[in-house]
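Top line first, the protein sequences correspond to chains A and B. Position in the first sequence (from 1) plus 252 gives the number in the working numbering. With the first letter of the second sequence counted as 1, position 79 gets the number 70 in the working numbering; the numbers rise by one all the way through.
Read the hints as simulated data drawn from the structure, not as lab findings. Just so you know, even glycine gets a beta-carbon here, dropped at the ideal spot from N, CA and C.
To give a feel for the contact side, a few chain A residues facing chain B, derived at Cβ under 7 Å:
#, residue
1, Lys406
2, Ala407
3, Leu413
4, Leu417
5, Pro420
6, Ile423
7, Pro424
8, Met458
9, Val462
10, Leu466
11, Tyr469
As a list, the in silico DSS-like pairs of lysine-lysine whose alpha-carbon atoms are at most 27 Å apart:
#, chain 1, residue 1, chain 2, residue 2
12, A, Lys431, B, Lys101
13, B, Lys101, A, Lys434
14, A, Lys322, B, Lys127
15, B, Lys101, A, Lys301
16, A, Lys329, A, Lys274
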Amino acid sequence: MQLAKQVIYLIRKEAVLEWRSKYALNGVLLYVVSTVFVCYLSFVSIPNKLTWNALFWIIILFASINAVAKSFLQESKGRHLYTYLLASPIALILAKTIYNSLLMMGLTLIALFFYALVFPFQPETDIPMYMVATVLGSLSFATIFTMISAIASKAGNGGMLMAILSFPIIIPVIIVLIKLSKNAIDGLDRSVSMDDIGLLVLINAMVMGVSLILFPYLWRD
Amino acid sequence: MNRTWWKILGAILVVYATIAGLLLGVPRLNILNETIRNLYFHVPMWFAMITLFAISVVYSIASLNRPNEDYDRRAVESANVGVVFGIFGLITGSIWAKYTWDQFWSFDPKQNFAAIAVLLYFAYLILRNAIDEEQKRAKISAIYNIFAFPMMIVLVFVLPRLQASLHPGNGGNPGFNTYDLDSRMRMVFYPACMGWIVIGYWIYTIRFRIRTLEDKQL
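Input sequences plus hints: build the corresponding full structure.
What follows is the structure, given as structure tokens:
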């Protein structure tokens, strides 16, 4: 159970680091809230609920790029080396992914709360189903962006590469997510959405599996 | 002769498929009419693209296991040629769409996802340009390539089936299997696919040799 111990320790390390320099956490939170507000002010004349749904996912997409990108990009080379001496690469990528998933879930739920304030749910909305969509969405964003940020940080030229590499991979996920949450907003029968949920779980499992296999090759310099 | 027979075979197959594809009889179907002949030119492009990307990912895996300049060159050149075939697939598809759907690009799910799949490989090529150090470039781009390939499969084969599309084979439009019932088309379609895959592989081997020579002169 060496691995589990390492993973738990690394997750705790990430959380403590985040808590000590609250700047990053608060920054992302403020980013989400102010983007929701700006979108509300600029799109207030559009009453269409489907536009608002798509807009919600776009906001989450950019917030999650900002939140997850720093997991590898902002670590100094020395600290990287130190972590690699102490922990196995599998433990490192697992810890980062789990931590980012938790972070993203919290962030998405907060964003959803503010979003619901400015744009209340329609009566026919299937709210538990919408929650499932948000949780699955934040999970997929976290798994994909964690691996991409590891690749981008190794390539040495941060932000732009991160966007170029991740967008083609994230587009299919976003399309499925928008479809799934649209079903929830329209209050369709839950059996309609099962295919989409299955596909999202499949994509997540696939990305996770590939990351676990590939990361040990990536960190060795 | 041992090393050239497949090149001759590929050339003959492509020439045959082009001439026979334009001249031989085809079944008369509603809406499609004569544009059904595009099956011989459009679909083989995608088969060639998938084959080349598969070659690329195989060499990427090989180069991760045993770092080797040759494997890296093979991976990048097959991806290069695959991207070209993908662009040809998009172009032949949009010309066909102009005559049947009346628009070059109507944002059909099939068109969108195919374009994103090609974008994925453009990202791979840009990632390669971003890294200067050769061994590091080989390793990191191999990792991204292996990461991207399953996503490309999902984009091209899984997602378009889940959405309403006008593309033949989707949503009740006559597709592959309906054409296949007509053995006249099968006589041209299979040789066309074979021929274009062989030609794509040939172009890739030439590109690989050119790049090897260029790298040696430096």
